[in-house]
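Asks: Sequence:
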Amino acid sequence: MHAMQYAITLPADYDMQIIRDRVKSRGHLLDAYAGLGLKAYGIRERGVDGAPVNQYAPFYLWAAPEAMNRFLLGDGFRGVVRDFGRPDVRHWPGLFHRRGPAAGTLPRAFTRRTETLPGDADAAAAVAAAAAAHEELATTDGVHTTALGLDPHHWELVHFTLWADASPGSAGERFQVLHLSAPEAGRLGAGRQW
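The sequence shown begins at 10 in the working numbering and counts up by one.
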């Protein structure tokens, strides 16, 4: 599993209906994309759920990094670059993934939180503690999917959780989910990946 996200920050007065319409007309194009575990088409709207900005910020879980590379170098991502410029793409090798009790529903929100590991921290112990927290979170009512990834360049963990309804007051940035493509969610495996 490999996690990935890019964020396109839009002007404060941007009509977010444009993004909604874009996702409505194009979101289905990845519903059968080989190697994609899932893509949550996420947005944040300035002033909603504490969001300081308007943003289109989809989050991906890839079954294989080759599929991620094919997407980033292919026509679909070219359309993003053409319309918005080339965004910085963050990615994290996967450490943990589990479907929750609400996996059979369409999620309405996701949360994403990054956590930089202190320089003196035992990275293995920090990852084990984070994975254990995700194992517990995966049993929570309303959780569709939860995942954990690690950026070893910056020693940063990413915590990602899809929610059946609006996310509870959990830590991290909150995003509305406009569409979910999950053609190979079953190939992501379950539990700890390392």
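Among the hints, erroneous ones may be present.
What the hints assert, rightly or not - Okay, derived cross-link-like pairs now, SDA-like style, lysine to any residue, Cα gap no bigger than 20 Å in a straight line:
#  : residue 1 : residue 2
1  : Lys33     : Leu115
2  : Lys33     : Pro102
3  : Lys33     : Val90
4  : Lys33     : Thr123
5  : Lys33     : Leu187
6  : Lys33     : Phe93
7  : Lys33     : Ala16
8  : Lys33     : Pro74
9  : Lys33     : Thr114
10 : Lys33     : Asn78
11 : Lys33     : Pro192
12 : Lys33     : Pro61
13 : Lys33     : Ala66
14 : Lys33     : Arg99
15 : Lys33     : Ala130
16 : Lys33     : Leu19
17 : Lys33     : Glu75
18 : Lys33     : Ala73
19 : Lys33     : Gly128
20 : Lys33     : Ile17
Said to hold, decoys possible - What follows is a set of in silico ranges between Cβ atoms, one per label pair, in the way DEER data are often shown:
#  : residue 1 : residue 2 : range
21 : His37     : Arg196    : 16 to 24 Å
22 : Arg196    : Asp92     : 27 to 35 Å
23 : Arg122    : Asp150    : 30 to 38 Å
24 : Glu75     : Arg95     : 15 to 23 Å
25 : Thr125    : Glu145    : 33 to 41 Å
26 : Pro161    : Glu75     : 25 to 33 Å
27 : Ala130    : Ala21     : 34 to 42 Å
28 : Ala133    : Glu75     : 32 to 40 Å
29 : Ala180    : Ile27     : 37 to 45 Å
30 : Thr114    : Ala138    : 23 to 31 Å
Simulated from the structure, these hints should not be mistaken for lab results.
Built from N, CA and C at the ideal position, the CB exists for glycine as well.
Asks: Indicate, hint by hint, whether the structure satisfies it.
Replies: Tested hints:
no., hint, verdict
1, Lys33 to Leu115, "holds, 15 Å"
2, Lys33 to Pro102, "violated, 29 Å"
3, Lys33 to Val90, "holds, 19 Å"
4, Lys33 to Thr123, "violated, 29 Å"
5, Lys33 to Leu187, "holds, 8 Å"
6, Lys33 to Phe93, "holds, 18 Å"
7, Lys33 to Ala16, "holds, 18 Å"
8, Lys33 to Pro74, "violated, 26 Å"
9, Lys33 to Thr114, "holds, 18 Å"
10, Lys33 to Asn78, "violated, 24 Å"
11, Lys33 to Pro192, "holds, 17 Å"
12, Lys33 to Pro61, "violated, 24 Å"
13, Lys33 to Ala66, "holds, 15 Å"
14, Lys33 to Arg99, "violated, 24 Å"
15, Lys33 to Ala130, "violated, 44 Å"
16, Lys33 to Leu19, "holds, 19 Å"
17, Lys33 to Glu75, "violated, 27 Å"
18, Lys33 to Ala73, "violated, 26 Å"
19, Lys33 to Gly128, "violated, 44 Å"
20, Lys33 to Ile17, "holds, 18 Å"
21, His37 to Arg196: 16 to 24 Å, "holds, 20 Å"
22, Arg196 to Asp92: 27 to 35 Å, "holds, 30 Å"
23, Arg122 to Asp150: 30 to 38 Å, "violated, 20 Å"
24, Glu75 to Arg95: 15 to 23 Å, "holds, 21 Å"
25, Thr125 to Glu145: 33 to 41 Å, "violated, 22 Å"
26, Pro161 to Glu75: 25 to 33 Å, "violated, 20 Å"
27, Ala130 to Ala21: 34 to 42 Å, "holds, 37 Å"
28, Ala133 to Glu75: 32 to 40 Å, "violated, 28 Å"
29, Ala180 to Ile27: 37 to 45 Å, "violated, 30 Å"
30, Thr114 to Ala138: 23 to 31 Å, "holds, 29 Å"
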